[in-house]
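A.B. asks: Chain A is already provided as a structure; the job is to place chains B, C and D on it using the hints.
4 protein chains.
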Amino acid sequence: MTATAASPEVRAALRGQQIEVPSWAYGNSGTRFKVFAQPGVPRTPEEKIADAAQVHAYTGIAPIVSLHIPWDRVEDYAKLAAYAADLGVRIGAINANVFQDDDYRLGSVTNPDPRIRRKALDHLLECVDIMDATGSRDLKLWFSDGTNYPGQDDIRARQDRLAEALAATYQRIGEHQRILLEYKLFEPAFYVTDVPDWGTAYAHCLKLGERAQVVIDTGHHAPGTNIEFIVAFLLREGRLGAFDFNSRFYADDDLMVGAADPFQLFRIMHEIVRADALRVESGVNFMLDQCHNIEPKIPGQIRSVLNVQEATAKALLVDAGALAAAQAAGDVLGANAVLMDAYNTDVRPLLREIRAEQGLDPDPMAAYARSGYAEKIATARVGGQQAGWGA
Amino acid sequence: MTATAASPEVRAALRGQQIEVPSWAYGNSGTRFKVFAQPGVPRTPEEKIADAAQVHAYTGIAPIVSLHIPWDRVEDYAKLAAYAADLGVRIGAINANVFQDDDYRLGSVTNPDPRIRRKALDHLLECVDIMDATGSRDLKLWFSDGTNYPGQDDIRARQDRLAEALAATYQRIGEHQRILLEYKLFEPAFYVTDVPDWGTAYAHCLKLGERAQVVIDTGHHAPGTNIEFIVAFLLREGRLGAFDFNSRFYADDDLMVGAADPFQLFRIMHEIVRADALRVESGVNFMLDQCHNIEPKIPGQIRSVLNVQEATAKALLVDAGALAAAQAAGDVLGANAVLMDAYNTDVRPLLREIRAEQGLDPDPMAAYARSGYAEKIATARVGGQQAGWGA
Amino acid sequence: MTATAASPEVRAALRGQQIEVPSWAYGNSGTRFKVFAQPGVPRTPEEKIADAAQVHAYTGIAPIVSLHIPWDRVEDYAKLAAYAADLGVRIGAINANVFQDDDYRLGSVTNPDPRIRRKALDHLLECVDIMDATGSRDLKLWFSDGTNYPGQDDIRARQDRLAEALAATYQRIGEHQRILLEYKLFEPAFYVTDVPDWGTAYAHCLKLGERAQVVIDTGHHAPGTNIEFIVAFLLREGRLGAFDFNSRFYADDDLMVGAADPFQLFRIMHEIVRADALRVESGVNFMLDQCHNIEPKIPGQIRSVLNVQEATAKALLVDAGALAAAQAAGDVLGANAVLMDAYNTDVRPLLREIRAEQGLDPDPMAAYARSGYAEKIATARVGGQQAGWGA
Amino acid sequence: MTATAASPEVRAALRGQQIEVPSWAYGNSGTRFKVFAQPGVPRTPEEKIADAAQVHAYTGIAPIVSLHIPWDRVEDYAKLAAYAADLGVRIGAINANVFQDDDYRLGSVTNPDPRIRRKALDHLLECVDIMDATGSRDLKLWFSDGTNYPGQDDIRARQDRLAEALAATYQRIGEHQRILLEYKLFEPAFYVTDVPDWGTAYAHCLKLGERAQVVIDTGHHAPGTNIEFIVAFLLREGRLGAFDFNSRFYADDDLMVGAADPFQLFRIMHEIVRADALRVESGVNFMLDQCHNIEPKIPGQIRSVLNVQEATAKALLVDAGALAAAQAAGDVLGANAVLMDAYNTDVRPLLREIRAEQGLDPDPMAAYARSGYAEKIATARVGGQQAGWGA
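Residue numbers (our numbering), protein chains in the order written: chain A, 1 to 391; chain B, 1 to 391; chain C, 1 to 391; chain D, 1 to 391.
One chain only, chain A, in its complex shape (with noise of 0.2 Å):
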């Protein structure tokens, strides 16, 4: 297969993708260890913004930011909207930060104190009136929550506290907006996390409402998980409702997309474009969700981005036909060839002239390192308060 002789309608997918990044991921990250701190890093949210900008005007394809509340709370969130809008991108997903209070050290909307459920309640309700002030349709749920020690807490008493706190924030979203709830197997609760995995996040969702997805973080599954197969199930129920995309090895490792494991990646692509759900319209979002502990964190996100593109040019690439022949006719290995032509194809040539075609750069990264923007922003922002995780 040669890449670059695609058909219109796979240029047209590829131009029509959209990627959400993460305001957080221009700030300051690391492990417990250590947060190796890097120059230039935002230390307010429009920083945070410009910074995204920057990345969707050398992809052309990640003009949404989400934000995070606290970590991105300002007085007037219309006008950040509109700050956003100026530099071309616009507010995604809104991302609730309950886990980074002192209140919450044994849970938030789960904790065994109503005082606390109430207070993360709460902030979960702040979060939908800033949807409301910066059009965000998204309000993207994870629940540190948990407990490290067998007997610490009461498993079934937390679902129902889990239930209860779900209840009244889908009750307060418009018509228009949705709850996105994210499942993670474990950390910073080491023994019971409250949502652990698909299957918990979907059963509350099912009981909320169509309103209600369910978030797959690509980082928060057990080792052996077939994220595919997840990806696959919900879109099969209408439940998929957005990504948070990243890599890892081990664990929750949180490295850029694709790194680790390529294949993977593709494989998940593959799963979006067989039920077409990589169209806007699918309601599903393709947000990243990474740490950029050692590396330079605009470039890291621009090869995220770009790597997401790769993998979805080649699950573009799969002869659909060809595959559905071959799986009728239970051929083994006839079916993972057609798969693996695809995978195996070099689609960078491809992705440069469309970049071409659209008045971008065919090369995103070298772009970038040659605008001295790196530059400017080490110059510029010295002093103040670098944004970062805040542990």
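There could be a bad hint or two in this list.
BS3-like mimics (lysine-lysine), calculated; alpha carbons at most 30 Å apart, straight line [stated by the list, open to error]: (1) 376/B / 207/A; (2) 119/C / 79/C; (3) 207/D / 119/D; (4) 376/A / 79/A; (5) 207/C / 79/C; (6) 207/C / 207/D.
Hint data in this document are derived by calculation from the structure and do not stem from the laboratory. Remember, it's a predicted structure, so these values are computed and weren't measured experimentally.
C.D. replies: Below, chains B, C and D alone, put in the same frame as chain A:
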């Protein structure tokens, strides 16, 4: 805590416990590398039931035997049930085996070939006939269906086929019968397994109706999975139908339950007791599903039943009031200590007492060893074809 | 088996047990998401040692405190050692921290930059100076060194650099001092870790000489790793230098030892007893290395020491003669039963007895709680900078 | 990068590559649940060699066949070697099977029973005789030995017995012969495996001498293990003897190499190329060890050889100078990009070119399919006993 001071309620709960043993545990089993035959292994379903009856005779809490079709096919199932009754046990779940026919190389109910899907469905329906004939309530379904290679078959189409077969089977079962749907991470399929996790089984059960329930096989999870969370969650949803008990250090090792991680078994039984699901009327079946590859089979089963009983006794000894109080107070170490106090209690004296009260030998392992049954069957069961997994 | 009938040898072994506690356990710790501060946390090395002395005061078997450099840097180490002695404890291993300086972003002793490697080596040598000043025997080395991305650095070259730094350090230690080399599967490095497994640590120790020994941190393994096998193997090779005890359900969770899998801890201590390595003269250090993120720290340490003690008592109660006989006879269930008989014994009455004989309160947790120490330090230690991991 | 512009050195390296195929790959295999028989499967060692010769005929880089004793026992081994030579291939490693006799239920060379240990050792020595007769250089040892239950046998005593058997075998091999010692995490043993990891194999090899080398089976590791690290480490130590190539998503799935994680295979081959160990003279054997449970066996082997060849070609295309420069500069993204540039290159045109130059069909899969060999053996090989794992 001294276990022998256990309350009448605890003692009654222990006396009422019922564990189901599988007919196939008495046949030969092994790994793909070797099946080591043992002397005295049954040749017929009747001989398997006779061995199972021994387990009940010495433990007093294992009065039910699961059958496995086609391994346990007989001409007259009513007669087989009567035979079991004569030996003091009854027929439990009927397990459908749709993985050992050459036709099932690429799947049974999810096979791309409609002829093979029909054949598999017919086998399921035959199992319901056998349920009718034996008075069995439960059809237990484990599908080995899946694929080995990316692209080999369409993940979503296989779910459609699965849903169709399940719906047809659900239509057929009676008002007082149930489908118990089991999940498994992998093996024998090594890329996609069509029912890989509890979420998938649960979603299919929801669509079928109230008489479809999930089976938790304790060996069928990814490393790190918190099984007691799944137990608690499914109990909360009213969808836990049964356990397949065994233990494992690595994958689906099928070791004796409680042998690899007795603390995990205790935590599972704690959730059962916490939800008042130990009672037979709760509808949760407690089955063993194990391979005694290198140890003698009847003693292996007795040991396993005792392990479940010991974990149950410990779970019953948890001071629920003290636990709830510590949990409500956010006393992490205190709540953990309440649980551990029960776990660290030696319940064997209590169980010996209870057995003696019931006219059983206090030491079932020793009593069976003294009985001469092992020697008798080794002598008597010569010739014929030993039962086995027959891979 | 009744534990209180334990032999004089068992009682003597329990009285002679020594467990080492880490100074950093008393400071704040957390995950990358949040460090929850606790009242009364030490501000100085002296306050950490005072807290550690409490653990010894109530358990009677924790007379040693490990230091961590630079966290425990003081002007006068001899004075610090004398301070410890006044409180009834002594200084144990010196732990070198070469992972929290911005220079170490890409590694310490394996960094591609020779200047940084030199800086890291100098830090190791400073730690040996501190050993000389405190009378410490052991230099404990854990390197967080590694890479996050394929290609980032040369795997083999990093081994060469590691070997060079180890050799230089080994040259520097005295005749009665040792290097204890720790390994870890991953974190904070997420692709290659330079000392990822016991084999790597062992191979480097072999090249260094007899005073280089391997440290087993019980939380530093891949899922499914049989830790007691490694214990037995290194003891057979004479290369087990120390444990870092903690427990985990997932990754390096650093929960209290024995909390996640008490049976595993028992199996580890069984190998220790089997090799007669419990005695202080065996040269195996039994250290704790844990994070008390949500539970109070001193009680968390006391609970951990008791967990090790209980596992040790059970291991000492194994009937070695009966076990060997069953093993020699190939009696799978019999041999397992001998081991489980000891594990299932409630050793708490025995340990209470031994404590009473030694003039200790039989219940260390309750005695500490009653002592008022927690309230005292919460009141007294106000102001200053609480100790912590300082990521 | 355009692969067809590859240097003469790269082309020469690819032409010189040699991959060893296993005789057992052409027989039936399966899981413990079912072995699906395939038409045309060999009945004799000669027929297996004939099938292996087909793989070489179409790929040009698979001229060696491993034997497995007793599966490949014949009266006259010299004649078998001559038969292979006539077909254009030669005999490679001799694999000793000491796991399929009823005597080996509790182990072979580590069995508690000295009679069985002697029998196992005699089998190893017989294999050396066969090496002498066939001109084979390598004795490949994989021991399934281990235990299923804690306490079942003494971990350390089993190491003593293992060391004794290895020493006796090492004594027997000739000056130009080698022992290749394989390790495996688990299966068929489910608690302790006597050679579970590379560290154990390495330690035993060190004691034996220079002609004892470690075998890396790519499917024999715990989840998360970095295999290329082990490759690099053993190469640095001069102790990497051979690979058993296959791939896996979960445990020892034995899928076609490169099918589950082609990027991992590339990273492994990158370490090989980096250490100049691709050359036949390096002493590293590149063997396949796979189960084609559901796909046809000869095409499955051809596909696997091609997968290794493609990964090798990509590894050879890595720009070593640019990589080293980026690594030295601490340029995380730049170094990663150099590696990924090679991985993302489509090397299939280059390999087609090289095949054509050598007089081979550019498309081995298609050429084999057209050849009619599959149909011929399906017709001819009727009757007799198909070869298989024979569990």
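A.B. asks: So, against the hints stated earlier in the document, which numbers end up violated here?
C.D. replies: 1, 5
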